Amino acid sequence: MLHKRNPQLNSHGELIHLLSIEGLPRQVVTHILDTAETFLSVQEREVKKVPLLRGKSVFNLFFENSTRTRTTFEIAAKRLSADVFNLDISRSSTAKGESLLDTIANLSAMQADMFVVRHSESGAPHLIAQHVAPHVHVINAGDGRHSHPTQGLLDAYTIRHFKRDFSNLTVAVVGDIVHSRVARSDIHALTILGVPEVRAVGPKTLVPGDLREMGVRVCHDMAEGIRGADVIIMLRLQNERMSGGLLPSAGEFFKNFGLTEDKLALAKPDAIVMHPGPINRGVEIASAVADGKHSVILPQVTFGIAVRMAVMSIIAGNEAT
Amino acid sequence: MLHKRNPQLNSHGELIHLLSIEGLPRQVVTHILDTAETFLSVQEREVKKVPLLRGKSVFNLFFENSTRTRTTFEIAAKRLSADVFNLDISRSSTAKGESLLDTIANLSAMQADMFVVRHSESGAPHLIAQHVAPHVHVINAGDGRHSHPTQGLLDAYTIRHFKRDFSNLTVAVVGDIVHSRVARSDIHALTILGVPEVRAVGPKTLVPGDLREMGVRVCHDMAEGIRGADVIIMLRLQNERMSGGLLPSAGEFFKNFGLTEDKLALAKPDAIVMHPGPINRGVEIASAVADGKHSVILPQVTFGIAVRMAVMSIIAGNEAT
Amino acid sequence: MLHKRNPQLNSHGELIHLLSIEGLPRQVVTHILDTAETFLSVQEREVKKVPLLRGKSVFNLFFENSTRTRTTFEIAAKRLSADVFNLDISRSSTAKGESLLDTIANLSAMQADMFVVRHSESGAPHLIAQHVAPHVHVINAGDGRHSHPTQGLLDAYTIRHFKRDFSNLTVAVVGDIVHSRVARSDIHALTILGVPEVRAVGPKTLVPGDLREMGVRVCHDMAEGIRGADVIIMLRLQNERMSGGLLPSAGEFFKNFGLTEDKLALAKPDAIVMHPGPINRGVEIASAVADGKHSVILPQVTFGIAVRMAVMSIIAGNEAT
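So the protein sequences, as listed, match chains A, B and C. Heads up: the first sequence runs through residues 133 to 453, numbered per our numbering. Heads up: the second sequence runs through residues 133 to 453, numbered per our numbering. Heads up: the third sequence runs through residues 133 to 453, numbered per our numbering.
Careful: at least some of the hints might be erroneous.
Identical copies look the same in the list; a pair holds intra-copy or inter-copy alike.
Said to hold, decoys possible - Distance condition first, Cα-Cα at most 20 Å in a straight line; then the derived SDA-like pairs of lysine to any residue:
| id | residue 1 | residue 2 |
| --- | --- | --- |
| 1 | Lys180 | His267 |
| 2 | Lys295 | Leu379 |
| 3 | Lys425 | Pro139 |
| 4 | Lys180 | Ser445 |
| 5 | Lys400 | Ala241 |
| 6 | Lys336 | Ala355 |
| 7 | Lys181 | Met242 |
| 8 | Lys387 | Ser445 |
| 9 | Lys336 | Leu141 |
| 10 | Lys425 | Leu233 |
| 11 | Lys181 | Ser213 |
Derived from the structure by calculation, the hints contain no laboratory data. None of these values were measured; they are calculated from a predicted model.
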C-alpha cells in the first residue's frame, strides 16, 4: 500500500486498538454503535454478565487520575467477564524511574490482553500501541488535549439514540474547545457520521478561529451558536483554566456561555442537552437545565458502559495482522 | 397509611435498604440472623461461593476511610458472586466539587445494584436511599455517630449463637457510649430482640443520663455495670476523645473502666466478652481478657461476614415497592 | 523427630507455606518448577483460567509497597480463580495501632485461605505463619534483606528453561549482594538444585568476604566474575545505597560492574542475562544488553506468573499436619 495504514486497523480494516476517532472509517464507527446497542439489553438483565472476555486480563493504566472514567472501564470489562487489574501507577515502578515502555513490556510479559490508558501527554497511547506484542490491544481513555475516543463514541451513540439520523442535525459544542479532548473526539465522530453542521461555541480565547480547519462553524456568540440546534454538548470548564488568565471569572463565563433555560429556548424545541460530566452547576450549566427534560446527561453515562463493552469486545476479537 | 412508612421497608414490610436498626420489626431482624446462619456453613465449604448476586454490581462508597469494614463487605459480596467496585472517593469527582447526589446519580446510571456507604455525616445513607433509582439498594456501613447497623446485627447474632435466647439476658455496653454508633445500634438491636436489661456503663462525660431515654440502665460505676452480666460489649476508645479533654488519660480510663480479669469476675461465670475491634490492649481491655476463654471477639468477625452476606442477599431479592 | 521440622513443610514433607528457599528439599523445589511448566500452557490458552482456587480468598498484605510484585501475585491468584483482596495496609488498622498479629487473627477469622506478605522486616512472614489457623497458608513476597523465595524460584525456572540441566553451570550474581533478598534466594535455590559454581560479584562494600559461608565464590573483579559464566544475574542497584556512602557514584559503579556488551563477551557465547526488574538502564546494565539477544529478562516475568500459580496451587492443596 502506498498510504500509511491507520495503526488502529489490521490489514482487513478491522479495529485492533482504539486510539483516536480521527481517520476511522464510518462503518467501523457504526459497527461499534450497533454492538453497543446489543449490550444495553445485557445491562438490563438480571445477570448482567456475558462471557466474551472470560480469562482475559485487562489492565487499567491511569497515569492521570480519574476515578470515574476508570470505573466505567472496570464495569465494562467485568460485565464481559474479564479479570481487571487497576495499577496505581503513581506508586509503581514508573515512580522508581522505569520508563513507560519498560513498564508496558513487563505487563505484556505477564500476558496482558488489553491496556486501557489515560495519560496527560498526547500520543502516549499511540506510543504504547506501537510497542505492544501482537496479542495486546490498547484503548485510549484520554490523552492530553488530544483524544478521548470512547467519550466521542458514547456521545455519538446518545445522539443516534435520541435523534435516529445524523444527516440533518445541527450540533453545538459549547465551552473550552481548545483544551478539550472531548470536543476534538466529538467533532471527529460527528463529521465521520455525516452531521452537516457542527458548531464550536465559546469565547475567542477558548475557541480560536483556526478550529475552522476541522470543518466546524466557529461562533463566539452564544445565541448564534445554539440557535436552531438539535443537540447541545456543554463541556466541563476546568477550574485551572480560570486561574490561568484565559477567563475573567466563572460568573462572567456563566453569564455569556452558561446554558440557562432562557438560552436553551433558542435551540430546537426537542433539542437534547449533553455533558461529559462531572458537571459544574452554575458554571457551564444551570441546575434547571442539567436536571430538566432536555437533559440526557445520565443516559450518556449508561450508554458509556455499553459503548466501552462494545469497543473491548470488538478489538479483543480481531487479530493484529 | 396514616403513619410514615419506614424508608427501609417496601409496602410488604420487606427490607430493601439497611440504614438503621431503629424501627425494624423483630421478624425482619430475626430473618437476617436466620439467613446468616445458613451462610456460616457456606464459609466452611471447600468452595465458599454462592451465585445469589452473580452479575450484580456492588459499589463500596467509603467517604470515611475504613479498610477493615470495607474488606468485610467486599468479602461478603464476592462470596455471593457479585462484582465489587471500590471507589477511592477522596480522589474522585467529589474532590472535583461534584455533589454527593450527582455522584450517586452517575453511579446509578452505570447500573449499580447496591451501594455500601460509610460517611462521617449522620444521615448520609438515608439521603442517598431517598434519591436512588428503584432498583438500587443502600446499606449503611456507619454514618457519623448515628448508626452502624451491620455491627449491631452481628453483635446480636453473636449473642444468640452463644446464649441461644435473648429473653433472660443482662447485657452491659461499656465505654464511650455517647460517641458510638456501635453502641446505639447494639442497644436498638437488643431492645427489639427482647433483652430485658441493657446497661450503658462509663464515666459521666461519655454516658450522659439522658441515655435512659433509649430504655437502658445507666451505670457510672464499673462494678455495678457488669455485676451479673451475661454479655459484656467493650467499645473501642477513640484516641481523639482523650485529647479532647473528655477523659483524663488512657491509664485512668483503664483503671476505672478497662476490662480486667478481676472486674470480669463480677459477671456471670459463663459471661461472654465482645468488642467491635480493633482493640486497644491495655486501654479498654486487658490482653488476658481479650485473649481469654470468655472472649468471643474473633467469632464476631466470622459472624460479621455471614451477617453481611445475609443483609445483601435479602435486600437484593426484594422489590422497591 | 530429633531435629526441628521446617515450618514450611507438614509431617509428610509437603509444602504448606513458602517462607524461604533455605532448607527446602530439592524434590519440593523441582515439584514447583514442574508444576509451573504446566501452567505456562494455561497462560497461552484462549481462556487463561483454571478453577483450582475457586472460592478461595487470597489476601495481599503488602506492608512495604510494591505495585509490580503485588500485581504478579494478583494475576496468578485470579488465573487460579481465587478471590483476591488487596489491603491498603498503610491506611488500615495497623495505622490505628493494631498489632500485626491482631490484624492477622482478624483476617483469618474472615476465613482467609492465603496471605501473600511483603514486609520491610526480615522474619515477618515466618511470624505470621506461626500464628495463623491451620487452614491458612502464607507466602513470603519479600521480607527485609532476608528472602524473596518466589523470585528465587522463577530465576531457577528461567535457568532450567534455557539451560536444561543445573549440574554443569556457572552462575554469576552481580551487584549489591549484601542488601539483596533476591541474591540470597537465588543462591539458596541454585545450591539446592546442584549448580556447581555460584559466584557473588561486586565491590567489597557490597560483597563482603563472609558470603563465602553460603558456598559461593566471591569475586571483587568483574572480569573474573563473569568469565566463562553460563548465566549472569544482574541485581538492581538501589538508589538509597548510593546516597549512603557505600558507593562512589552510579557512573563509577557502571564502569566497574555495569554489564556492557564488552564485558558480556567474557561469558560463554550462549550465556543468558537475567535481572529481577525494574532495570536501571546505564546503572547496572547497558540498554544494548538489556534489550539484546542474551537477555531473558522478559521471559523471567512470564515465568514468574506461572511459578506463583504453582506455589499457590501446591500449598493450597496440602493439609497443615
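Status of each hint after checking the structure:
Taking the closest pair of Cα atoms, Lys180 and His267 come within 20 Å of each other only across two copies (14 Å); inside a single copy the shortest separation is 27 Å, beyond that limit. Taking the closest pair of Cα atoms, Lys295 and Leu379 never come within 20 Å of each other, the shortest separation being 34 Å inside a single copy and 66 Å across copies. Proximity of Lys425 to Pro139 under the C-alpha cut-off of 20 Å is found in neither arrangement, the shortest distances being 41 Å within a copy and 27 Å between copies. When the C-alpha separation of Lys180 and Ser445 is checked against a cutoff of 20 Å, the pair qualifies both within a copy, at 15 Å, and between copies, at 17 Å.
With identical chains, the CA atoms of Lys400 and Ala241 are never at most 20 Å apart, being 54 Å at best within one copy and 26 Å at best between copies. Proximity of Lys336 and Ala355 under a CA criterion of 20 Å is satisfied intra-copy only: 15 Å inside one chain copy versus 66 Å between copies. Within a single copy, Lys181 and Met242 get their C-alpha atoms only as close as 25 Å, which misses the 20 Å cut-off; across copies the closest is 14 Å, which meets it. In this assembly of identical chains, the alpha carbons of Lys387 and Ser445 never lie at most 20 Å apart, being 44 Å within a copy and 50 Å across copies at closest.
Within a single copy, Lys336 and Leu141 get their C-alpha atoms no closer than 37 Å, and across copies no closer than 55 Å, so neither meets the 20 Å cut-off. Taking CA atoms no more than 20 Å apart as the test, Lys425 paired with Leu233 passes between copies only; the shortest distance there is 18 Å, against 47 Å inside one copy. Taking the closest pair of Cα atoms, Lys181 and Ser213 come within 20 Å of each other both inside a single copy (6 Å) and across two copies (12 Å).
Figure legend: structure checked against the earlier numbered hints; hints not met, in rising order: 2, 3, 5, 8, 9.
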